[in-house]
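Quick mapping for you: the protein sequence lines, in order, are chains A and B.
So in my numbering, spot 255 of the first sequence is number 255, and the numbers just go up one at a time.
Just remember that my numbering sits 1000 ahead of the position in the second sequence, which is counted from 1.
Bear in mind the hints are in silico, worked out from the structure with no lab data behind them.
Keep in mind that a hint or two might mislead.
[To be verified] Computed spacing ranges between beta-carbons, pair by pair:
id, chain 1, residue 1, chain 2, residue 2, range
1, B, Gly1152, A, Leu33, 13 to 21 Å
2, A, Ala128, B, Phe1065, 20 to 28 Å
3, A, Tyr86, B, Lys1106, 39 to 47 Å
4, A, Gln115, B, Val1290, 30 to 38 Å
5, A, Arg19, B, Asp1202, 35 to 43 Å
[As the list claims (entries may be wrong)] Chain B regions said to be covered by chain A (calculated; three or more residues, Cβ under 8 Å):
id, region
6, 1028-1034
7, 1038-1049
8, 1098-1107
9, 1140-1148
10, 1233-1239
11, 1252-1266
12, 1278-1286
For each residue, glycine too, the CB sits at the ideal point set by N, CA and C.
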Amino acid sequence: MTARSVATPVVKTQRSRLRRVAPWVFWTLLAGLGSIIFVLPFIWMVSTAFKPRWEQLVMPPVWIPSRIEWTNFISPLQRQPVLRWYGNTLTLVVFNVFGALLSSSLVAFGFARLQFRGRNLLFIVLLATMMLPGQVTLIPTYYFFSRIHWTDSLRPLIVPAYFAAPFYVFLLRQFFMTISLEMDEAAELDGCSIFDIYWRVILPMSKAALGVVAISEFTWSWNDFFGPLIYVNTPIKFPIAAGLRLFQTRSDPQIGQTMAMTFLSILPLLVVFYSAQRYFIQGIVITGVKG
Amino acid sequence: MTTRAMAPRRSSRRRRREIAGWLFVSPWVVGFLIFTAGAMLFSLGLTLFDTDLLIETRFIGLRNFAKLSGDRLFLKSLAVTGTYVALAAPLQVAAALAIALMLNNKKMAAVGVWRTLYYMPSIVSGIAVSLLWMWVLNPDFGLLNYLLGVIGIQGPRWIYSEQWAIPSFVMIGVWAAGSNMLLYLAGLQGIPTPLYEAASIDGANWLQRFARITLPMLSPTIFFNLVMTLIGAFQVFTQSFVITAGGPNNATLTIVLFLYRKGFEQLHFGYASAVAWVLFVIIMAFTLVVFRSSGAWVFYEGELRK
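Let the hints inform the model, and build the full structure from the sequences given.
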């Protein structure tokens, strides 16, 4: 009797512990197994980038190269102006991030904080253009830039960033709206101009949202392929995304080199992503799709 | 006395704000007038002209559209894009939702690591993904057919097969659908837990909780993702341009690839503009249908209070 009454709780705790641990193990395993699908191509890419040629196209694939083959990196770097491409992409990214931050925060401040006639209508138009497929304006835009002789340069890829992209305006406006109006009023009483309120009150309080815009624009500019494809013709002027195309091979499979260059081209992106992860997630929380 | 003195100052303050408002939004307004409204008008005008480097530009009315309706390759591109959208859009929306539901689970180790890994492909878009998958999908030496071989399946010829080329692109699209997943995660975290607690007390099982709470509360997010995914899927380009060059036998000739060839390889700006407008109308029509249907299945919390 006594033995029994003691034994039952022990069995019970063991069982309930199992019941608590089992789902935890199950979900962790499931998530881990699933993640393989998303990660394995990357692992294959990195491993192939360092493989000697005789280990590249074999079945089953070699995962750990028998020796590190640096020529996969060196040979394309000698053949193509890869460092110039990096420089071009860097130029693009710096100018575009600056332009996007400046222009979209100005416009968002106007929509969030200032009353003017036609504001609501304008904002609806802005939201509608978010859904506009770029192809409709593509040819006239191309025509325009070629008429002013800006093609075969990075300018057509930079200048549009200074005209406030609707998505960023929307995102920043949503964020500015959450800042209390009392801040503006207090600043105004202290003799701040409207521009001061924008520059000294709202912007410093919106670092998180501005970070989201910066990161999104960085990723977008870094990855843009179609823009350089139609505007830039001279290989030396390519950004890295466009230059990468020259390593696309179907017939002569130098895939070690192709993967080495692909890896190089996304490395900075991955680094930025890891160091700024919270901004990626925050951006989505701010926009709060429910709008 | 005071009110009288205040009145003019107030109105000048309002006028200042009015002018400042327009000044602040002017970067977007100017950009919109040039790069959106102006460009659209110009593009619409272009569709009425025959533009060719060899002959002079001439007005041909609606003949570009008439020619399009009989252009075998264009009709093929409509079918190809339609197939891609029909497969990719629902799969991307559903896969991202499934992953988000899994990763929203608190009974799990290292959830942050998993989220990062699932999201990673979506930041590396376009050309790098295409170059990578070109080799993952290689029928003889590719990773995918190797893995299929391990479990005893003889994989198809993927990007080299007319039948499997579009499904290959769909796979790539789903693989890179991580940004949708993040939106769902944010949506899921916005659902108040008391709702679930109340349902549990009332004896609802997990399926009932999912169908009666999670899905309705998440429907605005699903709606937003569906619209954005549809719009994106209709514009599929990079994969077919880089991986298959539209082949084999035009099996991956998408509308935007067709447009690119007409406009930027053959420089038929008028004809390519007509293609762009057809694409625009198709996208708008689908978006409108989704918007119209949303009343029936999208649930907004605010409506409860009315």
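So, going through the hints one by one against the coordinates:
no. : hint                             : in the structure
1   : Gly1152/B x Leu33/A: 13 to 21 Å  : holds (19 Å)
2   : Ala128/A x Phe1065/B: 20 to 28 Å : holds (24 Å)
3   : Tyr86/A x Lys1106/B: 39 to 47 Å  : holds (42 Å)
4   : Gln115/A x Val1290/B: 30 to 38 Å : holds (34 Å)
5   : Arg19/A x Asp1202/B: 35 to 43 Å  : violated (22 Å)
6   : 1028-1034                        : holds (count 6)
7   : 1038-1049                        : holds (count 6)
8   : 1098-1107                        : holds (count 5)
9   : 1140-1148                        : holds (count 4)
10  : 1233-1239                        : holds (count 4)
11  : 1252-1266                        : holds (count 5)
12  : 1278-1286                        : holds (count 3)
When each numbered hint is compared with the structure, a violation occurs for hint 5 only.
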